[in-house]
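Required output: the full structure, derived from the provided sequences and hints.
Sequence lines, in order, name chains A and B.
Under numbering that gives the first Met the number 0, think of the first position of the first sequence as 0, with each following residue one higher.
Under numbering that gives the first Met the number 0, think of the first position of the second sequence as 0, with each following residue one higher.
Careful, some of the hints might be misleading.
[Unchecked claim] Sample of chain B residues at the chain A side, in silico, Cβ under 8 Å:
hint, residue
1, Phe13
2, Leu50
3, Met84
4, Met95
5, Glu99
6, Phe103
7, Gly104
8, Gly108
9, Gly112
[Said to hold, decoys possible] Coverage of chain B stretches by chain A, computed from C-beta distances (three or more under 8 Å per stretch; other residues unrestricted):
hint, region
10, 71–83
11, 86–94
[What the hints assert, rightly or not] Among the chain A residues that face chain B by a calculated CB cut under 10 Å, a handful are:
hint, residue
12, Ile147
13, Asn156
14, Ser195
Don't read these hints as lab results, they were simulated from the structure.
None of these values were measured; they are calculated from a predicted model.
Here a beta-carbon is modelled for each residue, glycine too, at the ideal position from N, C-alpha and C.
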Amino acid sequence: MDLGQGAERLEQAECSVLGLPQLFLQRLGRVAISFCAAVGRLAEFTGRSVAHCVTPPFFPRLLFRQLIDIGYYSLPVVGLTTFFTGMVLALQSYSGFSRFSAASAIPNVVVLSITRELAPVLAGLMVAGRVGAAIAAELGTMRVTEQIDALTTLSTNPYKYLIAPRLIAGTVMLPLLVLAGDIIGVFGGYVVSVYSLGFVPGTYLQNTWQFLQHGDVTSGLWKAAVFGFIVTLMGCYNGFNSDRGAQGVGAATTNAVVSSSILILVFDYFLTQIFFTVVK
Amino acid sequence: MTAKLALSGVCKAFGDNKVLNGVDIEIEKGKSLVVIGGSGTGKSVMIKSVLGLLRPDSGSIKVDGAETTTMDSSARDALMKKFGMLFQGGALFDSMSVWENVAFGLVQGQAMGRKEAKPIAMERLRAVGLPARVADLYPAELSGGMQKRVALARAVATRPEIIFFDEPTTGLDPIMADVINDLIIAASKDLGATTLSITHDMASARKIADNIAMIYKGKIIWHGAAGDIDNSGNPYVDQFIRGQAAGPIKMET
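Given below as structure tokens:
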């Protein structure tokens with residue numbers, strides 16, 4: 000009798016003893032327990048990582064390399080994304096707003112959407128794909144080939160050496176990327192509005208500035224810092240706890256990208272809710 | 000005299016799978032103990048428990064008479080400086096050049112400057128028979144035997160008191176395996192280090208061991224001087240050292 004048959008028999012036996020409702024509750028309980036365990040593990044990992052970020056020894060060389068890797072090399076991706084988003088925003092709002100002759104609001108729509116919402120979220124998602132995946136794959140491979148254990152045996156704490164520089168770099172660099180993305184995104188909207196929709200350059204820029212408040216930009220930058228932390232944290236967590244083998248590393252990479260993308264969207268809502276009450 | 004390293008009643012389980020089931024071992028200062036046993040008998044888990052990479056469920060692990068299982072992290076950090084470890088796959092850092100790998104323990108662990116550490120690393124590389132030109136290569140550019148030698152150089156670079164060897168000869172041809180055995184003996188003699196090795200290569204075990212212990216199903220089932228291994232009177236040991244399929248040890252297929 001093979002294993003599959005055995006499991007099936009066991010399930011049938013369980014069914015007959017427990018009945019379907021109990022079985023359903025049992026499954027539900029198991030899922031709930033494993034979910035709580037996963038949240039607990041992640042929370043412990045987060046606490047420990049942050050503690051190692053703020054206590055010496057620090058590794059400035061490694062931090063510098065991560066700042067370049069995560070920040071500077073993500074600039075083209077973030078720039079392209081926000082540039083086209085700004086262009087498409089201008090086009091879409093023109094075709095919508097011109098129906099009730101509100102086309103003059105386009106500069107405001109573009110700058111507010113970009114700074115408050117689109118630049119942080121899109122930059123976060125793009126960096127999740129680029130940086131989160133790379134971190135998970137690198138740390139996962141190091142785990143699988145015992146390089147992380149080797150660090151410990153060479154009197155070097157892997158949290159300080161591998162995780163802290165990445166977390167700090169992600170949290171610091173994403174706001175800077177988003178600031179650049181804000182400018183590039185607004186420029187994208189400007190290009191389309193001026194060259195294809197017939198706006199006057201001076202007026203467009205004036206309207207862009209007119210209703211923009213500090214809070215619009217800073218709330219987006221706060222979001223970016225949180226997203227940068229989430230992306231690097233999920234990359235580190237999944238890579239650090241990767242299963243054995245090529246499959247384990249592959250799964251770690253996928254989980255890092257999927258979980259950080261979802262968390263970015265969830266946190267985006269809650270952060271917006273908080274800023275909504277502070278910055279009107 | 001207290002043993003340099005002493006394990007007693009060490010247990011470790013992963014879920015329902017009891018990997019270590021009460022391991023008792025003692026190693027005297029300057030001696031070399033080789034633990035033999037098949038795959039999946041708990042050899043690697045034992046070494047990782049001593050290193051603190053895994054936390055045993057119960058039992059005691061003492062280094063120089065000090066209990067390590069209940070140590071706080073700063074005491075554990077100080078303890079790690081006494082240890083050197085040669086990993087089965089080498090575990091070289093692939094983002095660093097060969098000499099940076101060898102110097103890693105000196106630069107990061109002992110806060111030595113890179114300029115001071117480099118000549119020491121070069122000297123260690125020479126001691127394991129590697130020419131100076133490999134120092135600036137990356138681990139991926141080396142053959143398996145060379146990687147193992149770099150890993151050995153890295154493990155002994157900080158002059159540890161206790162060195163662990165995890166299957167040092169696995170995956171090497173017989174001649175390279177013997178070269179590694181000689182290097183292990185030379186390095187431990189030079190440092191006066193206590194060594195704990197795990198292997199299933201009997202030729203290697205006979206060569207580097209003062210004492211041999213056999214682990215089976217998470218327990219030490221035989222322990223004695225290396226010279227007595229052929230007259231152990233233990234059917235499990237006899238089957239293992241002769242490499243026979245028939246005997247009391249059944250492979251779980």
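Do the hints match the structure? See the list:
no., hint, result
1, Phe13, "violated (13 Å)"
2, Leu50, "holds (6 Å)"
3, Met84, "holds (4 Å)"
4, Met95, "violated (10 Å)"
5, Glu99, "violated (12 Å)"
6, Phe103, "holds (5 Å)"
7, Gly104, "holds (4 Å)"
8, Gly108, "holds (3 Å)"
9, Gly112, "violated (13 Å)"
10, 71–83, "holds (count 5)"
11, 86–94, "holds (count 7)"
12, Ile147, "holds (9 Å)"
13, Asn156, "holds (8 Å)"
14, Ser195, "violated (47 Å)"
Violated hints, in rising order: 1, 4, 5, 9, 14; the structure is consistent with all others.
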